[in-house]
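Next come the chains, spelled out residue by residue.
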Amino acid sequence: MALSRQQLSVGSTREAIVVDDLTRTQLVMYAGASGDYNPLHTDEVFATEVAGFPGVFAHGMLTMALTGKALTDWVGDGRLRTFGVRFRGQVWPGDTLTTTVTVRALDEVDGEPVADIDVVTTTQTGDVVLSGTASARLDP
Amino acid sequence: MAASRFPVEAGHIMMFARAIADPNPVYYEESAGSTEIGEVIAPPTFTMASAQFDPDYLLRPTIGRPWLGSGREPTGVPRSDGGGGTGLHAEQHFTYHRPLRPGDVLSAESRDGERWEKQGKRGGVLKFSEMIVDYRDQEGRLVVTSRMVGVQTERAPGEEG
Chain A
1 MALSRQQLSV GSTREAIVVD DLTRTQLVMY AGASGDYNPL HTDEVFATEV AGFPGVFAHG
61 MLTMALTGKA LTDWVGDGRL RTFGVRFRGQ VWPGDTLTTT VTVRALDEVD GEPVADIDVV
121 TTTQTGDVVL SGTASARLDP
Chain B
1001 MAASRFPVEA GHIMMFARAI ADPNPVYYEE SAGSTEIGEV IAPPTFTMAS AQFDPDYLLR
1061 PTIGRPWLGS GREPTGVPRS DGGGGTGLHA EQHFTYHRPL RPGDVLSAES RDGERWEKQG
1121 KRGGVLKFSE MIVDYRDQEG RLVVTSRMVG VQTERAPGEE G
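So the sequence lines, in the order shown, correspond to chains A and B. Position 100 of the first sequence, counted from 1, bears residue number 100 in our numbering, the numbering being contiguous throughout. Position in the second sequence (first residue = 1) + 1000 = our numbering.
Keep in mind the hints are simulated off the structure, nothing from the lab. Glycine is no exception: its CB is placed at the ideal position from the N, C-alpha and C atoms. Accuracy of the hints is not assured; some may be wrong.
Stated by the list, open to error - Now the in silico label distances, taken between C-beta atoms and shown as ranges: (1) B:1062 / A:10: 45 to 55 Å; (2) A:5 / B:1103: 26 to 36 Å; (3) A:4 / B:1029: 23 to 33 Å; (4) A:104 / B:1063: 44 to 54 Å; (5) B:1077 / A:21: 44 to 54 Å; (6) B:1119 / A:107: 34 to 44 Å; (7) B:1111 / A:124: 31 to 41 Å; (8) B:1071 / A:109: 43 to 53 Å.
Could you put the whole structure together from the sequences, leaning on the hints where they help?
Take a look at the structure:
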């Protein structure tokens, strides 16, 4: 259900675990659905022996999509006006990610209430892997 | 370099929703009817899957050509430039005009944005470049704009990405 303006104030916040123990198979699923078959994310031999990483790691866009789930679960479906992030660190198989969404400002755009939201996703060790902002239309 | 025809399909949305581990009923045909919207829409990052419809997309194996990933050898395309750098996704920004639905047929048009350089924390120059993609629907109306920032590292592997 969509959020209404009345339910929110600046500083309203919510936290959600968006993936628990990320699997390599999830990375394969993301490659298949998105069409991004970069072997860095699905091919351990390539990732280690050719690219020099400790192993395969998640597509940044998978981390963004997992993060987006925390947003849409909160603000409702089809409510986002913008969603933008910086990728701050790599996400590895086995990681558990928590997303925190916080209302930074409440505005009105074209007569409609809008929430500006800060978004941060961290790993189980507290490392920030993604940070950004979103804005969403609210019910009055 | 973008998909000139990107048909949005319910089965593809279902696969994508599974791939991002999102059980939201609005992404699945059998349950979307019971949601507030009442029909399937696509998740916020779904336009990334337009790569499937981009004939020139480089991160998909092309039939009959050597592929970057491992087979007999750790890579089918040994580096010839001697560089150890890696291209990574640094930022991604979307602007939404309306949700995407099965039956939409989008066209994507991309253009280069800004370019800049930064000194990396681990030494070496990081080269950033921006690409903007406008997704329009079958009526020519803008539905989603994507701005992607990529970074090319001089050395492998970096902390960035």
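Task: Hints breached by this structure - done: 5
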